[in-house]
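Novice: Sequence:
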Amino acid sequence: MSQDVPAQTPETLFTGSSQMHARVRAHDWASSPVGPLASWPTSLKVLVKTLLGSRYPMILTWGPELTQFYNDAYSLVIGDKHPAALGTDIRGTLAEAWDSLAPLVSEAMTTGVASWVPALRLLLNRSGYREESYFDVSHAPAYDDTGAIGGMLAVCAEVTPRVLSERRTRLLRDLSAQASDTRSVAKTCGDLAKALEAHPLDVPCALLYLCADDGRSLTLSAAVGIQQGGPLSPERVVLDPDSRMAAPYLRALEGERVLRDGLEALLSLQGGPFGDAVGTLLFQPLAGTGAAAPLGVLVTALSPNRAFDEGYASFSELLSAQVSASLRNARAYEEERQRAEALAALDRAKTAFFHNISHEFRTPLTLMLGPLEDVLARVPVTEGARKDLELVHRNAGRLLRLVNTLLDFSRLEAGRIDSSFEPTDLAAFTQDLTGHFRSAIERTGLTFSVECEAPPEPVWVDRQMWEKVVFNLLSNALKFTFQGGIRVRQEVRGNDVLLRVFDTGTGIPEAELPHLFERFHRVRNARSRTHEGTGIGLALVSELVALHGGGVSVESEEGRGSTFTVRIPRGSAHLPADRIQAARQQESTAVGARPFLQEAERWPDVEPVPQAEVPAPPPVEAPGEEMPRARVLVADDNADMREYVERVLSPSFDVTLAADGQAALVAARANPPDLVLTDVMMPRLGGFGLLRGLRELASTRAVPVVMLSARAGEEAAVEGLEAGADDYLVKPFSARELVARVRSMLELSRMRRDSLRQELLAMSLRESVQARDDFLAVASHELKTPLAAFRLHLERLERSLGEDALGRARSPLESAGRQVQRLHALMETLLDVSQLTTGRLALELNDVDLTAVVATSVARLREEVARMGVTVTLDAGLPLVGRYDKLRIGQVVTHLLANAAKYGQGRPIAVRVAAEDGTARLTVRDEGIGISEEDRARIFERFERAVPGRNYGGLGLGLWIARQVVEAHGGRITVDSKPGLGSTFVVELPIEGLKAA
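Here the sequence shown stands for residues 392 to 1388, numbered as in my numbering.
Where hints are given, some of them may not hold.
With a Cα cut of at most 27 Å, we get these calculated DSSO-like pairs of lysine-lysine [what the hints assert, rightly or not]:
hint, residue 1, residue 2
1, 1277, 1293
2, 1293, 1369
3, 436, 472
4, 472, 440
5, 1122, 778
The following label-pair restraints were derived from C-beta to C-beta distances [what the hints assert, rightly or not]:
hint, residue 1, residue 2, range
6, 826, 964, 29 to 35 Å
7, 568, 470, 34 to 40 Å
8, 575, 1131, 55 to 61 Å
9, 712, 651, 20 to 26 Å
10, 651, 507, 40 to 46 Å
11, 568, 527, 28 to 34 Å
Treat the hints as calculated values from the structure; they're not laboratory data.
Beta carbons: idealized from backbone N, C-alpha and C, even for Gly.
Using the sequences provided together with the hints, build the complete structure.
Specialist: Right, dumping it as structure tokens:
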């Protein structure tokens, strides 16, 4: 018995929950070419159900009308055409790409053969524009229930981002390859343009603008895909802020990325894979180095078939960065090339200068040496004059050797060295040359041996050059060797002759060996007999040996010595044919061994060892004797310079000599000199090191230091002074200048010491005064206690006496009371002095009637001055109220009245209080002895009087206290007086308005 199968509906067949499941279920298939669902063959139902369940982009076309079914993943591929495409002819949906797809679909449906096409480029109009896109696609036949081909099933994957990334990466790689070769800026711009021209899909056109030197304009340096000089490609852009055309360029130079759209008509340019009109330009800055200004602006057109999305923007930024890097490298190359050319020109100028100046030096040196030699040989002179002449001759010879070395270098640089190679018995010649140094080397205690193997045939050498090679190597060995010895060995080794110079000297640091034969190179901080030298001796040896077709090398170990090896080929085939036994065209620069030996003889025999001096006792100056001579310590590694300075300074100063900075430092610490005169460059310890050592110890910290140096110029002097030197003297200097500088430095040092002593004395006096003031304060307080008790006892005694006894004792008691009062006033004065000098005076300011205070003080003192036969009159008007310390103002009035009574010779005293010009004015006038003009300026100082104290008594503090109190109130006190005509003291105090009583 058969069971009825329920009819299938879209709801029961396509039960998925995706968007496309819902759309397939809701679609009106009955009106489509495939008909209602009930009429579908089973194969179609299965294919659609399978397609909808897949997450991979899939599309199915069915029937001759190519009705399309697709899933959710595929809906993203067709973009804006979804969902209208469902159930319609695929040829309408993909009309713009059908030319590419039709053959593939047709092949699958007619032949039944599936296809696979990677990265198929398709033109899609899915986002509102004609888009360039790429897909990996496969088309396969779809069979119906009868086994016939009923449709086409396609799967696809969009690979547009990958294809674009690979293509753009190739462009950036091509640009990077251009940047890897250093070249000029102009050539780099051309190469960049060629690289951009090969990638029109991503860069339809490009303009490369570079900033002018003045930064006011841009110049078009390269153009790709666009004609130069057009409306959008001007050859020059003036960066005028008011110019509309310059606006995008200015914004780009400020670091902004600028887009200009709608330019299709102005550009008239087709781009992209489909030849569409280009209408958008992108302006980007070309970054300079670091924080430097941009190099220019890169303008690129955007593809019309790609949206300017994040990927396109990132690519454009990388493109600008790569172009910037290429231009920076090119600019750096150009600058380096210009520097190299400038250095080469400078080097040529230097060579020419050395050549010319060497010739100019040789003439006056010849005229100096010739007459000097004649005088030394023929003219009898004193021993002192002979020493001076020998000093001049010796150093003139040394200068001639240096000049000749410079001349040799200039000739080598210019390729004009005057060589003449001739066959030579090299063993005998070398032995003869080394023999000149035997006495100089053995004098220092070193051993010296020479072994020269005779070659089987004469060796072709330039004898003058070989002489310089041997002398320089031996002089160098002696300079750096203090113990052991020097050995010279010459031998034949195959086709070469080897000359080796061994020494047991200080050795050379390994790091210095590669630079040893470079010109002007010197090993820093090397121990040597002298620090003098130019650093060109070994360089000259290397150059001269190279002219012989040979070479020079060195082996060395610090502390154990060095071995220099010179190798020259035998025979003459390696030598220039035109220099074989050639006649010399230039004057010789060979000076023989004498200048080398004279210089070596002045070096110390052993390494300088500081000799500790016994400190000399301080000189005792006897009455009537002159001041002891100043002691000057001279440090210089040049023996001639030391002796010269000693001869110049010894008539005026006691001179101590030291061969280097270390010896000078030891001597100075043992017995500090009055002044140090030091060279800057010395072995073991230089002038700056000596200066630091002196400043570290208290005993030598204040010793003035004068530096001597051959380094002229403001920078050298500033360097010395900033290091702490007191003066800087540049060689050459005259004897008068040296003596004057030393004398002025010693005088300045003496003045500094005197100033320091005065400062210490003043500090001691201030401390003593402070101690005295502190004592006065304490003593005043301590004395007031028994004084108060004494006054109380007097008062009790007076009350306890009867009438008769009181009458008899009244006069003594009153006298005692007055003395107690006087002593109390004295204690108050001392206490005031202490408070004023220590700054502890504190005013208790209140609204006080100045008139009343003066009246009270006058009334209190009237009886006392009356006993002295003096009358006091008071002229006081209205009350004068201000902010005053009542007790202190009363103290001022008391001092002025007491002073007037003391010096008034019994004549009347007039006191007046009034307000004038907003100021309270107190006037105390007497008709006494008066004050001279010279005394008026000092009577307000502490302990000052206008008359001798023995005649009038007193401490000389009253007027000083009065001035301090008045000035503390913001006022002033003055005096007008003439001898014999009395004095008028005027006190002016500020008042805060006049207040009625």
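Novice: A separate judgement is required for each hint: does it hold in the structure or not?
Specialist: Here is what the structure says about each hint:
1. Between residue 1277 and residue 1293 the alpha-carbon distance is near 24 Å, which keeps this suggested pair within the 27 Å criterion.
2. Between residue 1293 and residue 1369 the alpha-carbon distance is near 17 Å, which keeps this suggested pair within the 27 Å criterion.
3. The straight-line distance between the Cα atoms of residue 436 and residue 472 is roughly 24 Å, inside the 27 Å bound, and the hint therefore holds.
4. Of the pairs offered as hints, the one joining residue 472 and residue 440 holds, with about 22 Å between alpha carbons and a cut-off of 27 Å not exceeded.
5. Of the pairs offered as hints, the one joining residue 1122 and residue 778 holds, with about 21 Å between alpha carbons and a cut-off of 27 Å not exceeded.
6. Remark: the range hint 29 to 35 Å for residue 826 to residue 964 is upheld by a beta-carbon distance near 32 Å.
7. The supplied range of 34 to 40 Å is met by residue 568 and residue 470, whose beta-carbon atoms lie about 38 Å from each other.
8. Distance hint for residue 575 and residue 1131: a CB-CB separation of about 59 Å, consistent with the stated range 55 to 61 Å.
9. Restraint check, residue 712 to residue 651: a C-beta distance of roughly 21 Å satisfies the suggested window 20 to 26 Å.
10. For the pair residue 651 and residue 507, the supplied restraint of 40 to 46 Å holds, since their beta-carbon distance comes to about 43 Å.
11. About 30 Å separates the C-beta atoms of residue 568 and residue 527, a value consistent with the hinted range of 28 to 34 Å.
No hint from the list above goes unmet by this structure.
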